[in-house]
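J.: Chain residues, written in single-letter form:
Number of protein chains: 2
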Amino acid sequence: MPADALPAGARNRRSWIGRSVPRLEDGPLVRGEGRFVADLSFPGELHARVVRSPYAHGRIVAIDVEEARAAPGVVAVWTAGDLGALPPIPFRATAIQGLEPYCQPALARDVVRYVGEPVALVVADDPYRAEDAAELVMVEVEDLPPALSAVEPPSDWAPGLSTEPTVIRKGYGEVDAAFAGAAHVVELDLSIGRHSAVMLETRGLLARFDAARGVLELHGAAKRPHWNRDRLAELFDLPPSAVELYENHVGGGFGVRGEIYPEDLLVCFAALRLRRPVKWIEDRREHMMAANHSREQTHAIRAAVDGEGRLLAIDEVLHHDQGAYVRTHGARVADMTIGLLLGPYRVPAYRAVAHYRLTNKTPAATYRAPGRFEGSFVRERLMDAIAQRLSLDPAELRRRNLIAPEEMPYERGLSALESEVILDSGLYDDLLTRALDFSGYAGMQAACARRREAGEAVGCGLAMFVEKSGLGPSELVEISVDAAGWVEVLTGAASVGQGMETAVAQIVAETLGCDYRRVRVLHGDTARIPFGFGAHASRVTVMTGEAARRAAEAVRDKALEFAAALLGEPADTLDLIEGQASAPSGASIPLGVLAAKLGPASADRGEREPGLSASAWFHSKHMNYPYGVHIAQAAVDRETGGVRIERYAVAYDVGRAVNPAMVEGQIQGGLAQGLGGALFEEFAYDPDGQPLSVTFQDYLMVTAAEMPPLDVLIREDAPSPLNPLGLKGAGEAGVNAAGAAVAAAIDDALQRPGFVTRLPMTPQRLRAALKAAP
Amino acid sequence: MPADALPAGARNRRSWIGRSVPRLEDGPLVRGEGRFVADLSFPGELHARVVRSPYAHGRIVAIDVEEARAAPGVVAVWTAGDLGALPPIPFRATAIQGLEPYCQPALARDVVRYVGEPVALVVADDPYRAEDAAELVMVEVEDLPPALSAVEPPSDWAPGLSTEPTVIRKGYGEVDAAFAGAAHVVELDLSIGRHSAVMLETRGLLARFDAARGVLELHGAAKRPHWNRDRLAELFDLPPSAVELYENHVGGGFGVRGEIYPEDLLVCFAALRLRRPVKWIEDRREHMMAANHSREQTHAIRAAVDGEGRLLAIDEVLHHDQGAYVRTHGARVADMTIGLLLGPYRVPAYRAVAHYRLTNKTPAATYRAPGRFEGSFVRERLMDAIAQRLSLDPAELRRRNLIAPEEMPYERGLSALESEVILDSGLYDDLLTRALDFSGYAGMQAACARRREAGEAVGCGLAMFVEKSGLGPSELVEISVDAAGWVEVLTGAASVGQGMETAVAQIVAETLGCDYRRVRVLHGDTARIPFGFGAHASRVTVMTGEAARRAAEAVRDKALEFAAALLGEPADTLDLIEGQASAPSGASIPLGVLAAKLGPASADRGEREPGLSASAWFHSKHMNYPYGVHIAQAAVDRETGGVRIERYAVAYDVGRAVNPAMVEGQIQGGLAQGLGGALFEEFAYDPDGQPLSVTFQDYLMVTAAEMPPLDVLIREDAPSPLNPLGLKGAGEAGVNAAGAAVAAAIDDALQRPGFVTRLPMTPQRLRAALKAAP
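Protein chains in written order, with the numbering used here: chain U, 537 to 1310; chain H, 537 to 1310.
Chain U on its own, in the form it takes in the complex (with noise of 0.2 Å):
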């Protein structure tokens, strides 16, 4: 229903929630009016370049920068004494004990240890004049080993320290009793590829310390800005609420951007010492070896099935890789990794060690669904394996080892997220139904099959997963009602291009009766909200809808209570429509009157509290789990080893979708990313550590022509019970389980079950696998 098409004084209530209305973040970025942090300048500014280290290993013997600190507009080139005490990058996720000395300076110090280690820093007057001075920085290592395989032995990572920073485990139950007595045990070795998010919009940081306020502002922040306001003030010895983190408008996230890197210490140390602005802008290239990586994993996973196929234990090992430092999210995608693995099913034994691996390339971090790509790949691979060998259809196989709704909650008695991993709802069986329908799963079987009689490589697969989503552990919301009757929402939650201002003005329209277009929703400066969660693991929508909805409520009790006053009628007859408070009468009065009349100076106010305003906190033990299913239909071209995704579905239950058009385009951006990892997306490395892949030449994002046409089914059968509303995030529901479903499409085209057991199925591995194995 158009916004506009209730007559003027109906009594019925618009609902917002559930309506895909146009996204309230589309006006300034489609008129061109979107500021970006490279948009940003400030008088007197200066630029920044990262001299990196074009080793991936080494002693640094010496740093030559006097030819530099001698060109034109250079204000100063600085290497690690430079820095004085500046202490490393440090790290929030703390359950895992003994990382710190892993974690990465600003500038590497004795050691370079990959390819785009920053060892530098030049500031000029002009980003190109700061470019050219860069490549006159000279750096001389005396050459270390490089190591580049996180499978290989551990070895030295400085003295006393090794590539083996700490290995994790979990599990539960009698492993290898039920591994004795099994009557199936399958195993496989599998893989996959180092990749990431390469956004639309590199990173780039705007530094300046206010000396007229005594304020260290950072520009440019996003995901956790209240997280690395606190750390940047402890790192330079500043009182938080003297340091100030605003977001500008985002080109991507995908857990990527907004950790704290090396170049966040390096601008602000600048800004702080120069008493200028200091601008740093990623170039592509940088970014491609700079910018957090992730994905790369190796795993020997082993299952003990009974004789009808169901699961009995799970055996695990994991090698992963996090390249040369440690960084803001110590071991976490590791630990996620096996103690999010198990999915859907249920699994009366599991054991896991995850080997967590320093090698000389980019650090590594979380990339959207971090842990679960990888776990869903190598989950769902075996549970084709598991179909394969007992000669199950795969959607049987799953369906005798999926949890029931009556198990709900499920414990699993893992963590996760330094969180307890309990499943709180779900109708798997039901949903993976609905996807074979939705996709129309047995015409497509049938329609392959004919194809490939007819000589073409053609199949398909499924894949089911399960997300998480809503992380705590709080976040508070301010909402306030100004006298023209516009909402103005505050939250500390950040905004990464995900739609979050739609979405929780929504859930605010809903409560408050009003035009959703009439939300403001703010985020993204520190100094305006105490505290904030950011933007991450799926948790906006969750966790900053829910305080929403509540702070809206309690203004909401406010206006009814107000307006009931000033009217003369029972609150309880009152509801706000239309952005009146409306009573059965006929009478009504506005929203933006009801603020008027509560300002401080108004004499209708009584002794109530100044504003129509309220903020609510929502906090959150656990997280909640929504889930899916993947179903990809590919077509192989063996001669180029190429392979075409021809069609996709997406069943999702996202608990309650606030708004589907959104929620479905969550699911085709991740869509898209997670084909890049099955199929195209890889940081290459050659034998010296030289990263191969620092340009779109080599790195293969997906385009349009790559995308299938996408059928997305929502469902809304299992709302979270941790939440009111029943919310569960969207975010990471496209990526997920696309390496899984598309390794089975592969298998079936081909029809050699297991064929793909490493990520990306590239075009050059296919073939030579073909070749190898005709």
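FYI, nobody ran anything at the bench for these hints, they're computed from the structure.
Predicted, not measured: the structure shown is a model, and the values here were computed from it.
Some hints could be false.
[Stated by the list, open to error] Derived Cβ-Cβ restraints for the label pairs, each shown as a range:
(1) Pro558(H) with Ser556(U): 43 to 49 Å
(2) Ala747(H) with Ser556(U): 21 to 27 Å
(3) Asp600(H) with Val566(U): 36 to 42 Å
(4) Gly949(U) with Ala747(H): 50 to 56 Å
(5) Ala1090(H) with Asp575(U): 37 to 43 Å
(6) Asp646(H) with Val566(U): 31 to 37 Å
(7) Asp618(U) with Thr1239(H): 56 to 62 Å
(8) Asp562(H) with Thr1109(U): 57 to 63 Å
(9) Val566(U) with Glu603(H): 50 to 56 Å
(10) Gly554(U) with Asp646(H): 32 to 38 Å
(11) Ala747(H) with Glu943(U): 37 to 43 Å
(12) Glu954(U) with Ala747(H): 40 to 46 Å
[Stated by the list, open to error] Examples of chain U residues toward chain H, derived with CB under 8 Å:
(13) Ser577
(14) Ala747
(15) Asp766
(16) Pro776
(17) Ala1019
(18) Ala1020
(19) Trp1022
(20) Glu1024
(21) Ala1063
(22) Ser1149
[To be verified] Quick look at which bits of chain U chain H covers, simulated, 3 or more residues with Cβ under 8 Å:
(23) 558 to 570
(24) 602 to 610
(25) 1064 to 1071
(26) 1301 to 1310
Think of the CB as a built atom: it goes at the ideal place given N, C-alpha and C, for glycine as much as any other residue.
Since the structure of chain U is provided, determine the placement of chain H on it from the hints.
T.: Just chain H now, with coordinates in the frame of chain U:
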């Protein structure tokens, strides 16, 4: 006691209130790190220049802008017709009705009414090009006769509108009967010249429509940011939450800066229309004819007195010269003049009529002690004349009429600033005695007499006054402590250089037991706090101070309760000392640690609301009334007419002096402005209405050379009963009675009682008066 002198761990709480600690504001200013609005720049900014009427009164025949539009760098040239339906400047003093038709439009539409009135706006890429182009705009008018006197009979201001928009009447008691039965009737005709604040920093504005956020920003706010925000939102039909006003460093306010002027409307209009930042920086000549003038009044006053010199009635007729338009204050200065005229004296019957008159001069409004500088001059001249008539010592005559402490609170039966005048506390007689002692008045009189006998024209005089301060209605303060133990205090009051950050920090530090230098007082950002009433009417220390104290109490309570729980000690044995919650056992926890442990994710927090923070309102229906005595010693040069103030003393009861040095600074600065108004400063006009005082050659500011040695006696004998700290305001004490005391001293120097009837008593004027009546 120096801040660092207390031994660590001492259980003595250091007191911050009452100490003359250095100002927190001064650091950036003395380091050259101040940021005034002229220091701000945004990329792509444009520069505005206002084309002003060269005529005092005329019907606009044509404004030729073609040549200006074609000038290099010019982006736009607008006249009134280009502004569409933009309303005129609104006003906030609404007690007096019917003033709306007299409000000033942003650009003159059909008639120009004063020299300096904006008639066109030029916007260019450079301020110099804007100024050059502005000179090309040709304004053609048909001359109309200028009205230049407020005492001549009213004429037509516009069809159907008189130059007397309102007549204000106040009073009580049987005035005519009192005069009929009086032993003496004393009558005076007095006038005060047109002058105003001429701040170190001229006005300036930078407006910017932030299209990325959909927000209109106005930088350069002062005095009343929230009120101005709300009005600008209305004028431009924007939601108030989409308009943000930002204060910068401010080089003096004094009531003049921070009102809504035509330029505020113009730069906002330009920024919205052009979608580029638009900056306007007033030049000094502009300031002299464009910023609010003040003070120009003529009084016909008479007193009925009994045989002992006791006042029986006062009958007063005021002609107030408002200039060409009603501005934001409406008729408030005229209203306040007669509402507060009676000062510290018991007056059984009172009748006052204020003729609020429009003339063809720059519009007038408030300037430091508005209506009181004028009223004190009139009242104290009257008291001197009565003393003279009855041959009483001026101090003795005053004593006979002073309201006694036991009469407090004293209801005047009058109103001012839309609030009933109730003198809250005062030991008037006691302060007079102390002032005479403190200044050595008797000795001063004797010394003057001796010098007069030797041929010098030297004398002394005194004047008493009551100030008003702490104007409500409300103020909100939000306090939070960060993890480093820094305390952030957020207020909607404004800083115009008066030291409010320091005073508020002292009050908060007193309550929180921390160093005041750890308290950051944030203000001047309407986006950060929903309400605020700004900096005017000597209200900030009272209103923000008390709200801050309340919020700090709440923070203190939370800190002590939490610390007690953590330490396992009873809360009532703990105290906040040196930034720590300390138990008698010696155990203690720093405030910052308490704040960190109250973080949302902290396990220690329990069910407590996250954050070591609180907010509090202070609502006040009544002003409070500090009071004082001015004593001046003046030497007159009969040849040149020059007056030299040789000594000056001010005794002032401020209720509670948070920072005595700052109170003294306020008095010192105020006195400089008061002496200016008494002796030098005047906006003169020629018979055509051409302003004669638009440079510092013609408008004579008091410099260090003219300033006398000043002794200040600060007393705290009559704390205000209206707030727990007893706070009253200090901003206007130095200026209030300066005209009165100087006049008395000149009379005495010349031994001609009643000689001074008009301010400023410039050398020319004094010499002419001596010549006219030698």
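J.: Hint by hint, note whether the structure agrees.
T.: Each hint, compared with the structure:
For the pair Pro558(H) and Ser556(U), the supplied restraint of 43 to 49 Å is violated, since their beta-carbon distance comes to about 60 Å. The hinted window of 21 to 27 Å between Ala747(H) and Ser556(U) holds, with their beta carbons roughly 26 Å apart. Separation of Asp600(H) from Val566(U) is about 41 Å and conforms to the stated range, judged on CB atoms against 36 to 42 Å. Range check, Gly949(U) to Ala747(H): Cβ separation about 52 Å, and the 50 to 56 Å hint holds.
One distance hint, 37 to 43 Å for the beta-carbon pair Ala1090(H) and Asp575(U), holds here, with the actual separation near 41 Å. Roughly 43 Å separates the CB atoms of Asp646(H) and Val566(U), a value that falls outside the hinted 31 to 37 Å. At roughly 48 Å, the beta carbons of Asp618(U) and Thr1239(H) sit outside the given window of 56 to 62 Å. For the pair Asp562(H) and Thr1109(U), the beta carbons lie near 59 Å from each other, so the given range of 57 to 63 Å is met.
For Val566(U) and Glu603(H), the hinted distance range of 50 to 56 Å is not satisfied, since their beta carbons lie about 39 Å from each other. Remark: the range hint 32 to 38 Å for Gly554(U) to Asp646(H) is contradicted by a beta-carbon distance near 56 Å. In this structure the supplied range 37 to 43 Å is violated for Ala747(H) paired with Glu943(U), their Cβ-Cβ distance being about 52 Å. Restraint check, Glu954(U) to Ala747(H): a C-beta distance of roughly 41 Å satisfies the suggested window 40 to 46 Å.
Annotation: Ser577(U) was flagged as interfacial toward chain H, and the flag holds, the nearest CB pair being 4 Å apart, inside 8 Å. With its C-beta approaching chain H no nearer than about 4 Å, Ala747(U) sits inside the 8 Å limit, and its interface hint holds. Interface hint at Asp766(U): satisfied, since its Cβ lies 7 Å from the closest Cβ of chain H, which is below the 8 Å cut-off. This hint holds: Pro776(U) has a C-beta 4 Å from the nearest C-beta of chain H, less than the 8 Å allowed.
For Ala1019(U), the interface hint holds, the least distance from its beta-carbon to any beta-carbon of chain H being 6 Å, beneath 8 Å. Hint status for Ala1020(U): holds, given a least beta-carbon distance of 4 Å to chain H, under 8 Å. Because the closest C-beta pair between Trp1022(U) and chain H is about 4 Å apart, less than 8 Å, the hint holds. Interface restraint check for Glu1024(U): the shortest CB-CB distance to chain H comes to about 4 Å, inside 8 Å, so the restraint holds.
The interface hint given for Ala1063(U) holds, since its Cβ lies 7 Å from the closest Cβ of chain H, which is under the 8 Å cut-off. Here the hint on Ser1149(U) is kept, as its CB sits about 7 Å from the closest CB of chain H, short of 8 Å. Note: the region 558 to 570 of chain U has 5 residues with beta-carbon separation from chain H under 8 Å; the three-residue rule is met and the coverage holds. Chain H is given as covering the region 602 to 610 of chain U, and this is violated because 0 residues of the stretch bring a CB closer than 8 Å to a CB of that chain, at least three being needed.
With a cut-off of 8 Å between beta carbons, the region 1064 to 1071 of chain U has 4 residues touching chain H; three or more are needed, and the interface restraint holds. Only when three residues or more bring their CB closer than 8 Å to a CB of chain H does the claim for the region 1301 to 1310 of chain U stand; here the count is 0, and the claim is violated.
Of the numbered hints given earlier, the model fails hints 1, 6, 7, 9, 10, 11, 24, 26; all others are met.
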